[in-house]
Amino acid sequence: MSDKLTDTFLAEANELIIDIERCLLEVGRGSDDRENISAIFRAMHTLKGASGMFGYELVQRLTHNLENIYQDIRDGNRFLDSVISELTFKTLDQLRLLLGGPSNTSEPAGYHELLEIVKSVSGDQSALSVDHHYNSPSPAEQCTYYIQLTPHLNIIRNGTNPLYLVDDLLALGSGIARPFFNELPELHQLDAENCYIGFEVILATDKAEDEIQAVFLFAEGNCEVHIARIANENLIKEFTNETNPFITAETGKVIGFESVRKSMDKKLASRVTETANKALKAKGGNIRVGSEQLDELMNLVSELVTTQARLSLFANISESNELSGISENIEKITRRLRDNAFTMSLVPFDSIKVRFQRLVGELSKELNKSVEFATEGMETKIDKSIVEKLIDPILHILRNCIDHGIETSEVRTKNGKSSQGKVSLKAFYSGSNVVIEISDDGAGIDLERIRDKAISRGLISKDAQLTDLELTDLIFLAGLSTADNITDVSGRGVGMDVVRRNIADIRGEVEVATIEGQGTRFIIKLPLTLSILDGLLVKIGATEFILPLSAVVKCYEVETTQLEETFNHWITLDGQRTPFFYLRKIFSITQAKPLYSQLINVPYNGSLVALAVDQIVGEYQAVLKPLGNLYLEQDEFSGATILGDGTVALVLDPTRMIKNLSASETTNQIHN
Amino acid sequence: MAKKILVVDDSESIRMLVSTILENAGFEVERAVDGSDALHVLDSNSFHLIITDLNMPIMDGISLIEKVRVTPHHNRVPIIMLTTESHTFFKDHARTAGATGWVVKPFVADKLLAVINKVLR
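Sequence order for the protein chains is A and B. Heads up: the first sequence at position 320 corresponds to 320 in the working numbering, and the numbers run straight through without jumps. Heads up: the second sequence at position 60 corresponds to 1060 in the working numbering, and the numbers run straight through without jumps.
None of these hints come from the bench; they were simulated from the model. Glycine included, each C-beta is placed from N, C-alpha and C at the ideal position. Treat the hints with care, since some could be wrong.
Derived contacts from chain B toward chain A, CB cut-off under 7 Å, selection only [to be verified]:
{"#": "1", "residue": "Glu1012"}
{"#": "2", "residue": "Ser1013"}
{"#": "3", "residue": "Ile1014"}
{"#": "4", "residue": "Met1016"}
{"#": "5", "residue": "Leu1049"}
{"#": "6", "residue": "Pro1057"}
{"#": "7", "residue": "Thr1071"}
{"#": "8", "residue": "Asn1075"}
{"#": "9", "residue": "Thr1088"}
{"#": "10", "residue": "Lys1091"}
{"#": "11", "residue": "Val1104"}
{"#": "12", "residue": "Lys1105"}
{"#": "13", "residue": "Pro1106"}
Chain A side only, calculated, beta carbon under 10 Å to chain B, not exhaustive [said to hold, decoys possible]:
{"#": "14", "residue": "Leu5"}
{"#": "15", "residue": "Arg34"}
{"#": "16", "residue": "Asn36"}
{"#": "17", "residue": "Phe41"}
{"#": "18", "residue": "Arg42"}
{"#": "19", "residue": "Met53"}
{"#": "20", "residue": "Ala192"}
{"#": "21", "residue": "Gly290"}
{"#": "22", "residue": "Ile352"}
{"#": "23", "residue": "Arg355"}
{"#": "24", "residue": "Gln357"}
{"#": "25", "residue": "Arg358"}
{"#": "26", "residue": "Ala640"}
Here chain B is said to cover these stretches of chain A; the calculated rule only asks that three of the stretch's residues, wherever they fall, bring their Cβ under 8 Å from a Cβ of chain B [unchecked claim]:
{"#": "27", "segment": "207-215"}
{"#": "28", "segment": "230-236"}
Please put together the full structure from these sequences, using the hints given.
Written as structure tokens, this is what we have:
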């Protein structure tokens, strides 16, 4: 073993020990125990495997026993109490000592005692230990088995050589193998790549039947295997020429278990037992489904939702109680089916986490900055198609955090911060949304510089009064990069405007908050899924629109004249002065006005804004269809849906609409 | 042309060790730190063989096999598990997922190469 390899191992082993210590301390501090315990277990497991490879047998032995304890803890069979954690620390010290010396040394003082303690602690619970559980008792006595192996014709083409299987079988004990022909065709039909030979093996072994079956583990599907126990003792040594069951038939035909039994001496046969071949049980409750199949399921569910909406509509019109009952029932089932199908297409963040970890690792090395990357809530699930589109924006934000946010160690120490910077990625559910927070504890965004830059680029006027929030938001504008000297890392290629656009494409929002000197936080808000929306169906004139139900806070009824007569578009709702947008006017709908209009309160930037419509029809599950290219500029509509009667309704994105409407006003203010 | 092998293990030393053994035997080797990383490597490379650890953070070996087996370009590549686990339960699990072979750690180089040659032939 070369020195370089051993050095790598030692460095890694030390890292693993440090990891274990760190996780152990964190468990002590009461952070996420499950995650830490799995991490401890995994680190021990890796250490065990590697130390075995590099000849550190003592390390391997000690770690193995310690690992058993943590396996129990991980599986919830015991608690990580102070006794165990103290023992672990003690063991880690011992491991360090062992790793400090050469491999293959003799046991240092205290090793044996410690090993015994660890063994006894892990042994306490051995009845519950998983290892123990899986081990089927192996018979102490030798048994004799009859094994018939019939390979499929294509077994060799599939990469399995049946001879190896026979070799592996015979390696389990002593045995006799005999080939037979398996449906041998006429010579001219013989395919050299086919396997026409099968084998019968009589095997005497002290191994359990499980282990015999394990030989065929990777050949299953390529051959038929029949295993029968013929005696609870070793018959092989009693075989003479007369009793050898294979001697009697040399025809190349399969003899079979029955004949083997018959051909044996009566004396032997009386002791022969027959055991049914236990089928290999498939374990685990998961089945794999192709993603096209899943997409098809989602499609069908979508269609079903649309059709069901139509049925509900028809049931309402028909005024038949019976039909309404059925329709309501179908609605309930459809909803559950829909929710069920959804969860199937959700994937956890975990699946993309490693991309971010690698980026942070590589970047911090490249930029020579010390950065800790923390993640939280990576089990949060989100639609598969969203996840894929999220990777690039998050990578970009992370790049910015490390490149511009995190300061060098020297600067950090000078400013009284820990020398290691911290970047964290957090995901969690919030209502029907998934929120992703990316934050760093770096320098924050220099708002004055943003301001200067925006003025110099003509994005805002010189005397524009902007709040800090609005200023920070400017980083999402195209053509505003604060990176004066474009580094290799960020400041090239896509800018934050692209990040916002990409996130908007998946119906998400991105915001940024920063405190100078303390750090920056990016908040991405995303819908759980893209294809179906729980909506509120509203009407203006004869035109129908859908609002996402998640955005609706409260609805009010007011006289239409009240909306028409106001001069500043403010109205008092529940004693609160609320700005409102009169959609009838905005959409230039001129059909007859109703006597009463409806105001719908939606949240916007921490306060409430009302949208005025003519009529609220009711809740509606909308199957979102994308709008065509012609509507690309109309981002206040997130899509369209087909209503039960076949008409098309646009789906409003209230936040974006309000933003656009108020932006046009703000821009006017800025430029005037 | 040298056959290409992807080695997936979260332990750097095992990764290096296996790579060294394989490279000395004339194989071309790529490395990945876990299942998820391996999938990224597989996005743009194809291999004659994948050797993977079982127990890894983020994505374990069995999930990797399951994923690879439904990936159109890679669904037929032989996959050998290289792991400290030796129990049938795990082997069974791996086989169901679509593993081709199994080598238990600690292993000797000759044994590993023998299994590889067996699978690659």
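Hints versus structure:
no. : hint    : result
1   : Glu1012 : holds (5 Å)
2   : Ser1013 : holds (4 Å)
3   : Ile1014 : holds (5 Å)
4   : Met1016 : holds (5 Å)
5   : Leu1049 : violated (11 Å)
6   : Pro1057 : holds (6 Å)
7   : Thr1071 : violated (11 Å)
8   : Asn1075 : violated (11 Å)
9   : Thr1088 : holds (5 Å)
10  : Lys1091 : holds (5 Å)
11  : Val1104 : violated (10 Å)
12  : Lys1105 : holds (5 Å)
13  : Pro1106 : holds (4 Å)
14  : Leu5    : holds (6 Å)
15  : Arg34   : violated (14 Å)
16  : Asn36   : violated (12 Å)
17  : Phe41   : holds (8 Å)
18  : Arg42   : holds (6 Å)
19  : Met53   : holds (5 Å)
20  : Ala192  : violated (16 Å)
21  : Gly290  : holds (6 Å)
22  : Ile352  : holds (8 Å)
23  : Arg355  : holds (7 Å)
24  : Gln357  : holds (8 Å)
25  : Arg358  : holds (7 Å)
26  : Ala640  : violated (34 Å)
27  : 207-215 : holds (count 4)
28  : 230-236 : violated (count 0)
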